[in-house]
Structures are given as C-alpha cells and as structure tokens.
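Protein chains in written order, with the numbering used here: chain D, 1294 to 1570; chain U, 2 to 249.
Mixed in with the good hints there might be a few duds.
[Stated by the list, open to error] Mimicking DSS-like on lysine-lysine, the simulated pairs with C-alpha atoms at most 30 angstroms apart in a straight line are: (1) U:47 to U:77; (2) U:132 to D:1566; (3) U:10 to D:1423; (4) D:1519 to U:61.
[Stated by the list, open to error] Rough simulated footprint, nothing fancy, chain D against chain U, three-plus residues with beta-carbon under 8 angstroms: (5) 169–182; (6) 207–215; (7) 218–225; (8) 229–243.
[Unchecked claim] To give an idea of the interface, some chain D residues facing chain U are shown, with a C-beta separation under 7 angstroms as derived from the structure: (9) 1375; (10) 1405; (11) 1514; (12) 1518; (13) 1539.
These are computed hints drawn from the structure, not numbers from a lab. Glycine is no exception: its CB is placed at the ideal position from the N, C-alpha and C atoms.
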Amino acid sequence: MGTLDGKVIIITGGGTGLGRSMAYRLAEEGADIVVAARRIPPLEETAAGVRKLGRKALVVSTDVTDSTQCNNLIAKTLAEMGRIDVLINNAGIVRGERPRPVWELTDQDWHTGIDVNLSGGFYCSRAVTKYFVDNKRGNIIMVASGEGFRGVRNNLMYTVAKAGVVNFTRTMALTLAEHNIRVNCVVPGFVDTFEYQPEEYQKAVAPMRAVRTSTRLFIPVGHQGKPDDIGYLTLFLCSDASDYITAGIFISDGGGLAGGFATTGYAPLVSLKEGLA
Amino acid sequence: MTARAFALKDKIAIVAGDNKFWTRPLVAALAAAGADIAVIAKNSSKLTEAVEAARKAGRKAIAIPTEVTSSPQVKKAVEQVIGEYGRIDILVNAADVPFFQPFVDIKATEWDKVMDYNFNSVMNFCRSTGKQMLVQKKGRIINLISGLAERGIANGTAYCVSMGSVLQLTKALAQEWALQGVTVNAIGTGWFSESGNALDETLARYIPEKRYGKPEEIGSLVVYLASDITDFTTGQFMFVDGGLMAHA
C-alpha cells in the first residue's frame, strides 16, 4: 500500500533529470505515471523504470510549446488511463545552446525561452483544468527555479519565465481554490541530475562535471542537490496529506536563497572579532 | 499513513513550547511516522494527552513540564531527554501566544512577555538542542510560526516582531549550521480551528480554500521536513494556510 495508490500523475519533461526522479518516487508510492516530452527514447526508459516498480506507465510524445500537443496529452491520458489526479509541469530548459549578448537575442530566442519554461505550463494546465473542475478535485505542481527569485547574468528568458511560474502558481491557486484544485510550486536550487540523464548526455558532460560540482562552494549545505530531493518534495505535494496547502512555493536549494548567496560564488563572511563593547 | 521515504523510525523528537492546540496533532503525526517523543511545555493536561497519543501509536513518550521561557529550565529538560533517549533528531518549536494591542498602549512587561514566550523560548530550545545536534552532525529543527512573521497587522506589533524574530533566527541558524548536517526551517500557519467551525463571510473571502485548517493538517509537512530526505532543504519558510499568503 502506498500513499498515492490509484492516482494517475502526468509529468512533462518526464524523460530525464528531475522528471525521471519524480516518476520513480511517485510510482514507488503507488501512482501510475504518464511521461511527456519531445524525445521518445528517454521517456521509454523512464516508463520501463516505472513498470519495473509494478505501476502502469504511458508515454506521450509532446512538445509543450505547442498547445495542440498539450491538449492531446490530456486527452490521450484520459482515454488510456481513465483519470488524472495530478499534473506536474516540469518541462523546461535552463539555457539555449550558448548565451548571446542581449542585443543579439532574436525574437525566436526570446519566444523559445519563454514558451518552454512558462507557456508550456500554461497550455497543459489550461487543458486539464476543465476536467479537474468537472471532477471537483485537482492538483497542479509547477517547477520554478532559484533563478526565478534573483537576477542571473546572461540568462534572461529563463529567469523571467521562472519568475513568471512563481506568480502563475499563486494566481492559478487563488482562481481555482473554489473548485478544490490545488496549485503549488517546487523550486530546485543547484541539482546534479547526471544520474538521470541519457547515456550520450552523460558522456558529453562527464569532462565538465568536475567544474559543475564545484558550484557546491557557494551552496550553504556544501553539496549540490539530488534529483530525489525534488522527487520526494513532489511526492509530499501529490499526497492528500497536503490538502490544506495551495499557492505554496517550496524551495529546496541547500539554503542558498535564504542566505543571499549569489550565483557568482561570492559568499559574505563577517569577522568574529566584532564585539558588543 | 506516512510515505515510506518520510518514515522517522526510532528517531527522537522533541515537541516544545506549545500551549495552544499543536502538541497532540504534532505528536500523533511524528509518532505515527515512527518517532519516539518528548513533550516539553508548561504543565497542563495536554502533556498527558500527547503522551497517550504517542503510546497509542506504539512509540515511547515522555512529558517534561517546563517553564519554557527560562533558559536554565529548558537546558535541564533537554538534558533529561538526552539522558533518557541518548540523542535528539528532531525539534519542533510550537510556541505561539497571541497578543494584540495598540502599540502605544503596550506595557514594557507585556512586550517582554510576548517576546519571552514566542521568541526567547524558541531560542532556548534551539540553543540547548542545537548543541547536541552539532555533536551528532545531524538534526532537524522545525519552527512552527505564523504567517505574520512576514506580514504586518494593525495592533499586532509585539506578535509580528516575535514571529518575525523566529523567522530570522531560522534563516541565520540555517546558514550557520548548514555544513554540520543540521537543517532549520519554519512553517507558517494560517487560520486553524480545532472545532471545525464554519467560516464567517469575511474570512471565507479571505482564505482561498474557504475553510479553517485542522490542526492535524500540519502533521504531514512537519514529518516531511523531519525526515532524512530533506537534507537539501534549509532556511525555508513554508506555509500551511489554504492559499492565504498568495494574496494576503
């Protein structure tokens, strides 16, 4: 018996990274899982993992920047799984191929950054909302980022979109509360998703990985997060035990935002010699 | 039912300072997740009720009646817990005394009393318990406070300052102990009622979920934050408020 027995949960961006962790952690507690993304092979890998845990899994090829495909994701889930209990809008990309100076950003760069990280969540949420209202119950989980709370050099669309996700959460929650639909947001800090990436990606980033993990220097707890830190957070928010929690913003970032530690690696320290005298 | 990943099997939890209605539901949730319990608070029948709730869940429990505003008394009580159980894994601070008066009318003694109950008692527990957690290189501190730690309200100066103080204590301690395995987080509560009262119209417009929280609804978040899987979550303020803080 699990705390999510019988629930059907959709995870966009469910093929890799945080999405894969969510799929496994939720399936362990009894949920059937629908994973959606553009690339099919990673989705199939996640689905196989879910089935190994004894749960049903459905793969739906979806580009969340296309609202028709988001509508299809919801329709197909209802047709094949019969119900939807939670939608997790996890799809997103941290940055494009390489950062460009502001004056060289194209309209296309801007729209892609905003669409993948913000509009996709809106399209999927819009598509499921009517079903949730008719069902008199629903649960949406958004995924923002610590970068949605601070400015970050050269990462314009991502920080703007993720800040948007935070207030999308609040307004959707307030708007839908009377229909018994909860909307919450999880906020990961620096999470090393290496273990849940496809093999070719792992090969490509392996040489850079030592550099990446050095970001722990300015994470107060001294290490990067694990995908499961976020996987388990969504488990808490998916369960009925969090029924009185909506419009919540749940940060798991090793203490970074609370301490005002900047993404530059600079961390202020005060002298212990200052006295009261 | 507790999700397997959030289990607190054989962990030692202190529930501290409450004289409202949090102790019994907190103890029930922690014990159901597998923790053994020590309740430290002003002497009242609530202590025995809480101990009974833990034992009903099959866990060990002790109650230590204590004047929580007294630093030496808190120190003694915490030492007694360590003597009894050998360690402390979880501290839940739940001190919350409401006090609302116009700022200019508040007597110095009243102000001090509010700060004593709502802030100094929490500080006493963090200090005594934190010492042990630093030795263990592991611990979970969860401060149950009000959303008014972040918002102002007329006639609420003393209360808001006391709650805001706990929030800043939470954030600064989280940084100070981040490398030593001790996480410090706060939970902000909205409007709760034990009796399941219906809301009047004003409150119904104010609380998005249009109902009071039930005290036991605090349990799942406390258990989540107390569990081993939250070692990347520290310095946070999370709300159980039916959506209130999103527009208030």
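Quiz prompt | Violations among the numbered hints | solution = Those not satisfied are hints 3, 4, 9 and 10.
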